[in-house]
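Enquirer: Chains A and B supply the protein sequences, listed in that same order. Counting from 1, position 106 in the first sequence corresponds to residue 106 in this note's numbering; the numbering is continuous, with no gaps. Counting from 1, position 81 in the second sequence corresponds to residue 81 in this note's numbering; the numbering is continuous, with no gaps.
Derived from the structure by calculation, the hints contain no laboratory data. All clues given are correct.
Using 25 Å as the maximum straight-line C-alpha spacing, the simulated SDA-like pairs for lysine to any residue come out as follows:
#1 Lys57/B to Leu49/A
#2 Lys13/B to Gly42/A
#3 Lys57/B to Gly42/A
#4 Lys107/A to Arg80/A
#5 Lys53/A to Ala83/A
#6 Lys68/A to Gly102/B
#7 Lys57/B to Asn93/A
#8 Lys68/A to Gln41/B
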Amino acid sequence: KNEVEQSPQNLTAQEGEFITINCSYSVGISALHWLQQHPGGGIVSLFMLSSGKKKHGRLIATINIQEKHSSLHITASHPRDSAVYICAVRGNNNDMRFGAGTRLTVKP
Amino acid sequence: KAGVTQTPRYLIKTRGQQVTLSCSPISGHRSVSWYQQTPGQGLQFLFEYFSETQRNKGNFPGRFSGRQFSNSRSEMNVSTLELGDSALYLCASSLVGQGEYGYTFGSGTRLTVV
Numbered sequence: 001k002n003e004v005e006q007s008p009q010n011l012t013a014q015e016g017e018f019i020t021i022n023c024s025y026s027v028g029i030s031a032l033h034w035l036q037q038h039p040g041g042g043i044v045s046l047f048m049l050s051s052g053k054k055k056h057g058r059l060i061a062t063i064n065i066q067e068k069h070s071s072l073h074i075t076a077s078h079p080r081d082s083a084v085y086i087c088a089v090r091g092n093n094n095d096m097r098f099g100a101g102t103r104l105t106v107k108p
Numbered sequence: 001k002a003g004v005t006q007t008p009r010y011l012i013k014t015r016g017q018q019v020t021l022s023c024s025p026i027s028g029h030r031s032v033s034w035y036q037q038t039p040g041q042g043l044q045f046l047f048e049y050f051s052e053t054q055r056n057k058g059n060f061p062g063r064f065s066g067r068q069f070s071n072s073r074s075e076m077n078v079s080t081l082e083l084g085d086s087a088l089y090l091c092a093s094s095l096v097g098q099g100e101y102g103y104t105f106g107s108g109t110r111l112t113v114v
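Just chain A, same shape as in the assembly:
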């Protein structure tokens, strides 16, 4: 079993829908990151969380340390949000482990 599990693996939504991507981890962490990777490989760092909730535009990320779970929400989704979303955790020994990614497709 992977130490960082993401769900769903693939997600198709209609423009305007509210989207949730989940990340569960089984190791102790000092921080959790959400990354966005567009076709062609470019990666953008969206959020770094160690507790609570962060919001940036239409994106919201939450983390529950006790439950070892984080969610990434996209409100009013748009086709330009189509990308692979990757959850990454920094372990207590400072190594980084990654989820397999969630491929999001938003249709107009």
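On the provided structure of chain A, position chain B as indicated by the hints.
Expert: For chain B alone, kept in the frame of chain A given last:
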């Protein structure tokens, strides 16, 4: 402000050869980390440097090595290349270690080993 620059963008090498990849971080960023991405294994952490010191290393064989220079530029080297080393190699820079202020990723070097 210039982003993270990785060179070269594409590279084809033969099994058994060695390769050196370069990463120039955003000006002022002191931390550089390296990652390997393959279709089968996804993203995997290689190593992280801060102020010329390797702070963390992922679970890769000793054929993978790296270093950071005083100007924060970093190189990674892979010796005795194997077919399985074919991957997208990404580097990311951050202001301080551990990405407290987020990471900025380069576009990657796509290495093909034949």
